[in-house]
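Asks: Sequence:
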Amino acid sequence: MKKKIFLKLLIILAVFRCTPQDSLNDSRGRTVTIKDVVSVYIPEGTLSDSEIINVTTSTDPQILSSFDELTGLYQASDRMSSFIKISSETLPSNDAMTITVKVPSDFLSKIPSNHGIALYAQVYQDSGEEILDVFEQLTASFDEKTKTISTSIPRSVFTNKRATTFYDANFVIAAIPKRTSTKTKAGGLCIGPIGKPLEIVEVTSPYSPMRILDGVAKPHLGVDLRCSVGTLVYAVDDGYVVDVKTQVEEGTGRVIGYGKYLFIKHTNGSSTLYAHLSDIIVKRGAWVKKGQTIALSGNTGTTTGPHLHFEYVPYGEIVQSDKRIDPMLCMNLSQNAKAPTVSTLAPSNITTDKATVGGNVTDDGGLKLSEKGIYWSTSSNPISSGRKVSSTSAGTGVYSFNLTGLSQDTRYYVCAFATNTMGTSYGNVMSFYTEEESYKPSVTTGSISNITH
Numbered sequence: 125m126k127k128k129i130f131l132k133l134l135i136i137l138a139v140f141r142c143t144p145q146d147s148l149n150d151s152r153g154r155t156v157t158i159k160d161v162v163s164v165y166i167p168e169g170t171l172s173d174s175e176i177i178n179v180t181t182s183t184d185p186q187i188l189s190s191f192d193e194l195t196g197l198y199q200a201s202d203r204m205s206s207f208i209k210i211s212s213e214t215l216p217s218n219d220a221m222t223i224t225v226k227v228p229s230d231f232l233s234k235i236p237s238n239h240g241i242a243l244y245a246q247v248y249q250d251s252g253e254e255i256l257d258v259f260e261q262l263t264a265s266f267d268e269k270t271k272t273i274s275t276s277i278p279r280s281v282f283t284n285k286r287a288t289t290f291y292d293a294n295f296v297i298a299a300i301p302k303r304t305s306t307k308t309k310a311g312g313l314c315i316g317p318i319g320k321p322l323e324i325v326e327v328t329s330p331y332s333p334m335r336i337l338d339g340v341a342k343p344h345l346g347v348d349l350r351c352s353v354g355t356l357v358y359a360v361d362d363g364y365v366v367d368v369k370t371q372v373e374e375g376t377g378r379v380i381g382y383g384k385y386l387f388i389k390h391t392n393g394s395s396t397l398y399a400h401l402s403d404i405i406v407k408r409g410a411w412v413k414k415g416q417t418i419a420l421s422g423n424t425g426t427t428t429g430p431h432l433h434f435e436y437v438p439y440g441e442i443v444q445s446d447k448r449i450d451p452m453l454c455m456n457l458s459q460n461a462k463a464p465t466v467s468t469l470a471p472s473n474i475t476t477d478k479a480t481v482g483g484n485v486t487d488d489g490g491l492k493l494s495e496k497g498i499y500w501s502t503s504s505n506p507i508s509s510g511r512k513v514s515s516t517s518a519g520t521g522v523y524s525f526n527l528t529g530l531s532q533d534t535r536y537y538v539c540a541f542a543t544n545t546m547g548t549s550y551g552n553v554m555s556f557y558t559e560e561e562s563y564k565p566s567v568t569t570g571s572i573s574n575i576t577h
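Residue numbers (the numbering used here): 125 to 577.
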């Protein structure tokens, strides 16, 4: 037993550098510092004064390989050989904590002149459909004079879902190309649309970088789209395939995270990522056109079911941001889309006061239906003068409703309709008569008399 404990201690010492940290308290908060490396400021109210907080540097290969996995997506050319870890007993109560990292001069001397310094935080994502643990670039400022990079720390980057029960946050410094384009729009909004990665786009888990649920950080840096295994996946814009990969766990080779995935660098400077694929049709370095089939959707990686995980990183001319943003803001959902196609079904099960009416949606127009139903009236124009029964259920096919409380021997007119974001379509107007109440003769039985043998 002692031998095992000693071996574990050696492993821990090999991974974490035992760099001494200093802590300074004042009336406004406290600062934890590793001299000439990093300084973390914790304002009053962010954490309890009695809570333990540790700041260390580490060369843990599993964390660094998680960053290296996506250097092509980040367009990072170099990174520092160690990362910074902040560990707290509890989740910070706000986003007021700040980090300032001293970038070593020897690292700065190696990066190309057209590159800048970026700070990344590892973000543990549990969307309910998948678990990802990847890095996201933080909005940070680099001071040329002091050679430091600083930013506030979102509480959503802390998680207790890794190796310990402490809430950890991991940070990597890397070099990325400087952005020189002025063709941007403030606020992180698109100036041009992208296409759809699936024929039918239905979000099952939305983009939400700062989501906190029940006190637990659950950010999601992409969107999950509903689809079955084998659904065609399309390139959302022209570009070349940067990489085709399968994400595996360091040491075990187990397929985790994104599973089979690919990402594309587009001609406008943006990048897109498509994950949990069952098969990838294109090869690394291939040129693809907007709308071209690039893969088949699947259920690979750390998932709970089939879906497409889609991410969008808008570099340069698309938005004024280097980070991922909500792809749905930029997606041209109306591309090749149209209003639904619907027909009215012949009424059935007609009685004196009831009837079954319905419609058949043969084409949803490539978009999710928001409503489908029946207009009905005693007028020959039920759409403008009648009442309606409807449902918000999506999908194509036959649907029906039971009308009750009708008047006997009366002519009714019905018309089916279906709606998506492109508009409302109507079927043909059909009519029917309710049955007339039928009267049966009444019979009474009299007394029996004059009975003989």
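There's no promise every hint is true.
Here are the in silico distance ranges between beta carbons for each label pair [said to hold, decoys possible]:
no., residue 1, residue 2, range
1, N526, G169, 57 to 65 Å
2, T428, D219, 24 to 32 Å
3, N218, K407, 44 to 52 Å
4, V353, S217, 39 to 47 Å
5, K462, F556, 29 to 37 Å
6, S472, R408, 54 to 62 Å
7, D362, S509, 22 to 30 Å
8, D362, N505, 43 to 51 Å
9, T289, K269, 39 to 47 Å
Just so you know, the hints here were simulated from the structure itself, not pulled from any lab data. Don't be surprised by glycine CBs; every beta carbon is placed ideally from N, CA and C.
Asks: Compare the structure with each hint and give your call.
Replies: To see whether the hints hold, each was checked on the structure:
{"no.": "1", "hint": "N526 <-> G169: 57 to 65 Å", "verdict": "holds (59 Å)"}
{"no.": "2", "hint": "T428 <-> D219: 24 to 32 Å", "verdict": "holds (29 Å)"}
{"no.": "3", "hint": "N218 <-> K407: 44 to 52 Å", "verdict": "holds (47 Å)"}
{"no.": "4", "hint": "V353 <-> S217: 39 to 47 Å", "verdict": "holds (42 Å)"}
{"no.": "5", "hint": "K462 <-> F556: 29 to 37 Å", "verdict": "holds (30 Å)"}
{"no.": "6", "hint": "S472 <-> R408: 54 to 62 Å", "verdict": "holds (58 Å)"}
{"no.": "7", "hint": "D362 <-> S509: 22 to 30 Å", "verdict": "violated (50 Å)"}
{"no.": "8", "hint": "D362 <-> N505: 43 to 51 Å", "verdict": "holds (48 Å)"}
{"no.": "9", "hint": "T289 <-> K269: 39 to 47 Å", "verdict": "holds (40 Å)"}
Violation of the numbered hints given earlier is confined to hint 7; every other hint is satisfied by the structure.
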